[in-house]
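Based on the provided sequences and hints, a complete structural model is requested.
Spelled out from the first residue to the last, the chains are:
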Amino acid sequence: MKKKLFFLLSFFFLYYHSLTAVTYNSEPKIFIQELIDDAIKTLADKSITIEEKNAIIEKIALENVDIKALGLYTLGKIRKDLDENTINDYQELFQKYFLKSLTSRLTDYSSQKFEVIESEQKSSNYTIVKSKIAESVKSPEIKIDWRVFTKNPQKPLIRDLIVEGLSLARTQKEEFASILNSNNNDINALIKKLEEFLSS
Amino acid sequence: MRFKKLQVIFYSVMLNILLVVSANAETENECFETVSRGIFKFNQGFDSIILEPVAKVYNKLPEPVKNGTGNFTSNIATLLSIPNHLLQGEMTLAGHATGSFLVNTTIGILGFGNPAAVLGLKNQKEDLGQTLGAYGVGSGCYFVLPILGPTTVRDSFGMIVDNQYLDAFARVTWHEKEIKNMSGNKLDYVGIKAASAVDFRGDNMLNFESLEKNSIDLYAATKSLYIQDRTKKIKNKESSDDDSWGELDK
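Chains as they are written, first to last, in the numbering used here: chain Z, 28 to 227; chain A, 16 to 265.
If you are wondering where the hints come from, they were derived from the structure by calculation, not from laboratory data. Any given hint could turn out to be false.
[Said to hold, decoys possible] Below, in silico cross-link-like pairs of lysine to any residue (SDA-like), each with a Cα-Cα straight-line distance of 25 Å or less: (1) Lys56/Z - Ser259/A; (2) Lys265/A - Glu111/Z; (3) Lys182/Z - Ser230/A; (4) Lys265/A - Lys220/Z; (5) Lys56/A - Arg132/Z; (6) Lys127/Z - Leu233/A; (7) Lys220/Z - Glu227/A; (8) Lys201/A - Asp177/A; (9) Lys157/Z - Lys56/A; (10) Lys104/Z - Lys265/A; (11) Lys123/Z - Ala236/A; (12) Lys104/Z - Ile231/A; (13) Lys149/Z - Lys56/A; (14) Lys81/A - Gly153/A; (15) Lys170/Z - Asn251/A; (16) Lys80/Z - Ser230/A; (17) Lys208/A - Glu191/Z; (18) Lys252/A - Glu142/Z.
[Claimed, not checked] Which bits of chain Z does chain A cover? Going by a derived footprint, with three or more residues having C-beta under 8 Å, they are: (19) 93-107; (20) 204-213.
[Unchecked claim] Facing chain Z, a subset of chain A residues (Cβ under 7 Å, in silico): (21) Ile231; (22) Asp232; (23) Ala235; (24) Ala236; (25) Leu240; (26) Leu263; (27) Asp264; (28) Lys265.
We put the CB at the ideal spot given by N, CA and C, even for glycine.
This is the structure:
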């Protein structure tokens with residue numbers, strides 16, 4: 028009976044998940060276009076609360092951003108010296124940090140118009156999709172490049188956003204490196220900073 | 016005579032530092048981090064007490080006034096870009112910048128309008144720091160200047176030489192040298208630089224807020240953005256090449 032219930036619940040969970048998970052086109056340029064359209068539609072929807080918007084954006088990010096790789100990248104070379112448990116603890120915290128930071132940034136830029144321009148395949152693993160936020164009364168045109176990881180061609184994942192030539196992942200990596208460097212590469216110092224950010 | 020001697024000594028020392036540091040230093044190196052962090056805090060205070068409130072008021076001005084201010088300061092900055100394009104051997108860009116300056120100063124009424132952009136003339140900003148970078152001179156160590164903000168040994172050396180010799184506007188105003196019956200004073204120079212800073216701050220209000228809100232080490236994030244921006248400008252490239260992603264996939 029318990030087994031049956033377990034399978035039933037598992038099946039229900041999978042079915043529910045397949046209904047709610049949004050799958051985008053696997054061609055990087057279309058993938059980014061669809062993802063942006065989806066995010067803008069959510070941010071512009073006046074019938075849902077900010078909390079609901081954030082939840083949808085977080086879901087889109089969890090499914091389409093390579094947060095694990097981003098976490099490892101931002102950790103830099105120190106990742107090679109850490110044990111699995113520490114890495115897992117850090118990854119868990121980094122994901123929360125990433126999502127909190129992402130939703131606050133997106134709410135800031137919600138009223139602007141995006142346009143995907145072109146894509147450039149850098150290697151079998153990476154394609155750069157070029158896009159721009161159209162010029163508005165409030166701000167000039169902003170170019171945004173998306174570094175898309177295409178190792179699995181069926182499931183492209185975003186690894187970086189390059190705003191006007193400035194990589195957000197690299198900025199994050201150098202920010203973390205600064206904290207680590209001034210604390211003898213002690214990951215606990217970085218973890219503490221991330222916890223402080225999350226509790227603020 | 017004595018002053019000239021001192022100038023020569025100063026430039027020799029700066030050039031020496033520049034060459035020694037650039038020979039073995041990566042851009043991440045700090046000259047004196049503790050002092051720089053202190054100055055950075057001071058600059059943050061200056062920003063929140065003076066620059067940000069002024070930029071907020073500036074942002075409430077009518078759009079034509081803001082555009083005019085941006086165009087005017089940008090047109091004056093072209094005077095520095097032209098010799099640096101020439102020093103880099105970028106004749107096409109030097110032609111564009113010269114054309115842009117002439118068109119905007121005349122048809123654009125002293126640079127308040129930007130008809131040059133409509134004509135397709137590019138006005139890419141250049142300075143001596145970028146010129147030295149284009150010739151392969153390393154950035155040297157990083158530090159923060161009061162009010163002026165982030166810089167490196169190469170860029171601050173470039174800024175001094177730009178001000179002393181290459182920038183025609185600085186020659187007329189800061190150094191009060193008369194060129195073709197045109198004269199000015201230090202206040203004109205400071206006024207234009209301040210207007211340029213307010214225009215930049217006003218344009219980037221959201222970006223500054225977002226950066227402050229989401230950074231766990233704002234000093235390091237600002238440093239990273241400054242270095243990336245300078246590298247992009249030196250290479251004249253729009254996108255960032257970061258090969259360290261490859262290491263992750265091995």
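Against the structure, the hints come out as follows:
1. The straight-line distance between the Cα atoms of Lys56/Z and Ser259/A is roughly 23 Å, inside the 25 Å bound, and the hint therefore holds.
2. At most 25 Å may separate the alpha-carbon atoms for a hinted pair to count; Lys265/A and Glu111/Z meet this at roughly 18 Å.
3. A C-alpha spacing of about 30 Å is found between Lys182/Z and Ser230/A, which places the hinted pair above 25 Å, so the restraint is violated.
4. The hinted pair formed by Lys265/A and Lys220/Z fails the criterion: a straight-line CA distance of about 29 Å is larger than 25 Å.
5. For the proposed pair Lys56/A and Arg132/Z, the alpha carbon gap of about 24 Å is at most 25 Å, so the pair holds.
6. Of the pairs offered as hints, the one joining Lys127/Z and Leu233/A holds, with about 17 Å between alpha carbons and a cut-off of 25 Å not exceeded.
7. A C-alpha spacing of about 15 Å is found between Lys220/Z and Glu227/A, which places the hinted pair at or below 25 Å, so the restraint holds.
8. Restraint check for Lys201/A and Asp177/A: the C-alpha separation of about 16 Å stays at or below 25 Å, so the hint holds.
9. Between the alpha carbons of Lys157/Z and Lys56/A the distance comes to roughly 36 Å, so the proposed pair goes past 25 Å and is violated.
10. Note on Lys104/Z and Lys265/A: the hinted pairing holds, with a Cα-Cα distance of about 13 Å set against a maximum of 25 Å.
11. Note on Lys123/Z and Ala236/A: the hinted pairing holds, with a Cα-Cα distance of about 19 Å set against a maximum of 25 Å.
12. In summary, the hint linking Lys104/Z to Ile231/A is supported, as the alpha carbons are separated by about 20 Å, within the 25 Å threshold.
13. With a C-alpha separation of about 40 Å, the suggested pairing of Lys149/Z with Lys56/A is violated against the 25 Å cut-off.
14. Straight-line distance between C-alpha atoms of Lys81/A and Gly153/A comes to about 36 Å, which puts the hinted pair past the 25 Å bound.
15. Distance hint between Lys170/Z and Asn251/A is fulfilled; the C-alpha atoms sit about 15 Å from each other, no more than 25 Å.
16. Restraint check for Lys80/Z and Ser230/A: satisfied, since their Cα atoms lie roughly 23 Å apart, inside the 25 Å limit.
17. Using a Cα cut-off of 25 Å, the hinted pair Lys208/A and Glu191/Z holds, with the two alpha carbons roughly 23 Å apart.
18. In summary, the hint linking Lys252/A to Glu142/Z is supported, as the alpha carbons are separated by about 20 Å, within the 25 Å threshold.
19. Remark: the region 93-107 of chain Z is confirmed as covered by chain A, as 3 of its residues place a Cβ nearer than 8 Å to a Cβ of that chain, reaching the required three.
20. For the region 204-213 of chain Z, the assignment as covered by chain A holds, since 3 residues bring a beta-carbon within under 8 Å of that chain's beta-carbons and 3 suffice.
21. With a least beta-carbon distance of about 5 Å to chain Z, the hint placing Ile231/A at the interface is held under the 7 Å criterion.
22. Because the closest C-beta pair between Asp232/A and chain Z is about 5 Å apart, less than 7 Å, the hint holds.
23. Residue-level restraint check for Ala235/A holds (minimum Cβ-Cβ distance to chain Z is 3 Å; threshold 7 Å).
24. The criterion of a C-beta within 7 Å of any C-beta in chain Z is met by Ala236/A, whose closest approach is roughly 5 Å, and the hint holds.
25. At a threshold of 7 Å, the smallest CB-CB gap from Leu240/A to chain Z is about 6 Å, leaving the interface hint in force.
26. Checking Leu263/A against chain Z by beta carbon gives a least distance of about 6 Å; that is within 7 Å, so the hint holds.
27. The restraint placing Asp264/A at the interface with chain Z holds, with a minimum CB-CB distance near 6 Å, inside the 7 Å limit.
28. Interface restraint check: Lys265/A against chain Z, minimum CB-CB distance 11 Å, threshold 7 Å, status violated.
When held up to the earlier numbered hints, the structure conflicts with 3, 4, 9, 13, 14 and 28 and fits the remainder.
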